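Protein chains in written order, with our numbering: chain A, 1 to 436; chain B, 437 to 650.
Derived by calculation from the structure, the hints in this document are not laboratory data. Each hint should be verified, as a subset may be incorrect.
[Claimed, not checked] Taking lysine-lysine and the DSSO-like style, the derived pairs with C-alpha atoms no more than 30 Å apart in a straight line are:
1) B:K639 to A:K28
2) B:K621 to A:K15
3) B:K510 to A:K30
4) B:K601 to A:K16
5) A:K92 to A:K158
6) B:K472 to A:K25
7) A:K16 to B:K588
8) B:K485 to A:K17
9) B:K485 to A:K16
10) A:K17 to B:K600
11) B:K473 to A:K326
12) B:K639 to A:K15
13) A:K16 to B:K472
14) A:K25 to B:K545
15) B:K541 to A:K25
Just so it is clear, the structure is predicted and the values come from calculations on it, not from any experiment.
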Amino acid sequence: MSSFWERILIGRRIKKKLSDPPGYKMSKEKKREFYAQLFDIKAEVEMRAIPKRRVFMKGLAGVTLSLFILVLMYNLFRPNYPYVSRIRGMVKVFRSARNEWVFVQDDKLRLHRDDMVKTFGDGQVDVIYRDEYHLRLKNNSEMKLVNVPSGVIGSDIKYSVNRGKVFAYYKRSQLYKRSLSLVTPQADVSVIGTDFMVETSPNFGSTWVGVLNGVVKVSAFDLKQAVMPKEMSVLVDAGKKTRVLSGRAPLQPERMLEDELFELEELYRIGTKPQIALLISTGETRTRELLSIVPLFVAADAKHKIAREIRKISEQFRYALKEGTKEQFLFNIRQFEHIVDRYPSPKYDVQFLLLIGAYYKYVNEGEKSIETFKRILRDYPRSRLASIAQCAIGIIYEEVLDDPAKARSAYEDVISKYPLSVEVEEAKAGLERLGL
Amino acid sequence: MVLGCKSDSFSQDIIGVRILKKDIFFSDNELIARSKKGDKQAFGMLFEKYHERILGYLYRYIGDFQLAEDSTVKVFLSVYRNISNYTEQGLFLHWLYRISTNEAKNQLKANSRKKEVSIDAPAKFDARKTLADIMPDERSRPDDIVATKELKEIYYKIVGSFDKKYKDVLLLCDVEGLSNVDAAKVLGMNPLTVGTRLSRARKILHDIMKKYKI
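Turn these sequences into a full structure, and let the hints guide you.
Shown next, in the form of structure tokens:
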């Protein structure tokens with residue numbers, strides 16, 4: 001028999017012997033154990049389901065966080081373009097991308113880098129950028145956007161004023177810490193303080209700059225060398241003006257005339273300024289300015305009762321200053337006092353009382369003037385204008401009432417109570433005059 | 437079926453499964469589909485249908501009934517956990533055999549059984565006995581071994597003492613009745629290899645039977 005057939009036979013024999021195996025029954029305990037464990041698997045599935053929900057929540061939180069970060073990054077780094085608004089008269093914008101001039105009719109037209117804005121006739125337009133700055137391009141003026149920063153990245157905001165007049169209101173952002181520059185053919189005007197307002201009038205080869213609030217750096221711009229030498233820069237304080245002639249250093253700042261101040265009042269109507277304000281500078285001579293009667297600004301759109309009454313009294317004061325008698329002055333002052341008593345307002349009272357004290361001094365009512373200033377020190381000792389009142393008391397004792405001892409005491413109080421105020425210099429000068 | 441109840445409702449569950457097994461016919465694929473959705477009753481029916489075959493297979497493979505029972509439970513629990521991976525290619529029973537074979541190998545490995553078996557070595561199914569003890573006494577006549585069942589038990593014990601590479605194919609092909617191709621699929625090897633091993637295993641078993649005249 002061959003080995004092949006032998007294998008076949010063996011195979012059949014073995015298969016026959018091994019086939020039909022006997023069945024085995026699983027014990028009941030084991031079955032119980034199996035089913036019990038099967039139920040535990042259900043529990044495991046439920047246990048697994050909780051982490052799944054947790055994973056889902058974690059995923060959701062992750063996606064939300066990612067979206068938040070994306071939105072934040074987008075807001076931080078996207079370029080925010082300024083836009084034109086409040087269009088009056090004929091205004092054109094030069095689109096640098098399309099190289100064409102277009103008439104502006106829609107509000108909120110966005111400006112891009114190298115775009116130009118031009119006003120014709122009595123046209124006027126505002127350029128607004130977030131809450132950071134607000135420019136008003138007056139009639140027959142032209143301005144170009146030189147540099148616009150992207151989010152937190154980017155340098156200072158820069159405009160080139162080719163001709164005409166621009167009012168600027170700027171509020172330095174705590175986040176971005178940027179500066180606003182207005183470059184004219186003669187000068188570069190940039191903010192270094194907090195709020196500032198500036199008018200540039202680059203006509204007839206010169207640039208005129210007047211500052212109503214804050215500090216502004218004015219630098220001569222050398223067209224040939226395209227640089228701004230340090231020695232050709234001046235700082236212009238509030239209430240002062242300067243002029244830059246082509247190729248020359250800026251003139252030393254000097255106090256603005258009353259008419260110029262009134263012209264700059266328009267700045268109070270743009271941006272977010274108070275509706276009533278004493279037009280006073282921030283310099284060390286501000287007490288003297290006050291006592292020589294400074295104008296009080298009342299916004300034209302201020303509609304509350306105080307504003308209406310103040311506007312009326314201001315007109316009476318203006319008339320009294322020109323032609324009125326002392327009695328008229330005193331009558332107006334009493335009306336002013338009546339407003340302060342009737343409508344107490346911490347926001348405005350100090351300014352009103354300062355003005356009332358100055359008017360009393362103007363009509364040689366020294367005692368009443370001092371009484372008014374002392375009321376400021378008593379009622380508003382923490383006011384940032386309290387040092388003016390203290391210094392004014394010294395000046396009145398010295399110059400009106402001729403009481404050197406009390407004047408000396410008042411000046412010493414300025415130095416001791418308000419050592420960081422600008423009135424310290426005035427007080428020291430007063431003490432020197434009194435022989436100390 | 438009340439899920440999550442372990443005590444009183446447990447026996448009712450088993451009874452419920454049995455009733456269903458008797459009264460209603462479900463195909464394997466249908467039961468598997470329901471089990472994939474978490475239907476314990478359906479899986480219970482699969483368990484009731486196949487557990488005896490698997491238990492027998494594991495007992496013959498491992499040689500210890502207690503261990504075989506434990507392994508059967510493990511196999512079915514493992515099947516339930518991984519039933520979503522079952523792709524319905526081939527018979528469900530073949531998939532069960534594959535898992536059972538792996539489980540049996542693991543059990544043997546865990547018990548540190550010897551791979552090679554000599555005639556004097558302790559038998560795998562009972563460490564206290566040698567293979568010679570299992571064999572019937574030469575003096576006793578074949579007629580003395582009356583019950584075929586008992587004789588078969590001896591065959592299976594001899595097969596159980598084989599090396600696993602012969603034991604696999606013998607149990608699957610000659611005991612469980614799988615074809616060479618199906619056994620190859622279960623064991624994950626070439627059908628020709630299965631044929632060769634099967635032939636050798638049969639020869640070894642035949643020689644043993646001849647030697648001991650059984």
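Cross-check of the supplied hints:
Taken as a hint, the K639 of chain B and K28 of chain A pair is broken in the structure, with Cα atoms around 39 Å apart against an allowance of 30 Å. Between the alpha carbons of K621 of chain B and K15 of chain A the distance comes to roughly 20 Å, so the proposed pair stays at or under 30 Å and holds. Distance restraint check for K510 of chain B and K30 of chain A: the Cα-Cα separation of roughly 11 Å lies within the 30 Å cut-off, and the hinted pair is therefore satisfied. Taken as a hint, the K601 of chain B and K16 of chain A pair is honoured in the structure, with Cα atoms around 21 Å apart against an allowance of 30 Å.
At roughly 20 Å between alpha-carbon atoms, K92 of chain A and K158 of chain A fall within 30 Å of each other, so this suggested pair holds. Under the criterion of a C-alpha separation no larger than 30 Å, the hint pairing K472 of chain B with K25 of chain A is consistent with the structure, at around 27 Å. Restraint check for K16 of chain A and K588 of chain B: satisfied, since their Cα atoms lie roughly 10 Å apart, inside the 30 Å limit. Simply put, K485 of chain B and K17 of chain A have alpha-carbon atoms about 25 Å apart, close enough for the 30 Å limit, and the pair holds.
The hinted pair formed by K485 of chain B and K16 of chain A meets the criterion: a straight-line CA distance of about 25 Å does not exceed 30 Å. At roughly 20 Å between alpha-carbon atoms, K17 of chain A and K600 of chain B fall within 30 Å of each other, so this suggested pair holds. Distance hint between K473 of chain B and K326 of chain A is unfulfilled; the C-alpha atoms sit about 102 Å from each other, more than 30 Å. For the given pair, K639 of chain B sits about 12 Å from K15 of chain A by alpha-carbon distance, which is consistent with the 30 Å threshold.
The suggested pairing of K16 of chain A with K472 of chain B is violated, with an alpha-carbon distance near 39 Å, which exceeds 30 Å. At most 30 Å may separate the alpha-carbon atoms for a hinted pair to count; K25 of chain A and K545 of chain B meet this at roughly 25 Å. At roughly 22 Å between alpha-carbon atoms, K541 of chain B and K25 of chain A fall within 30 Å of each other, so this suggested pair holds.
Hint compliance for this structure: hints 1, 11 and 13 are broken, all remaining hints hold.
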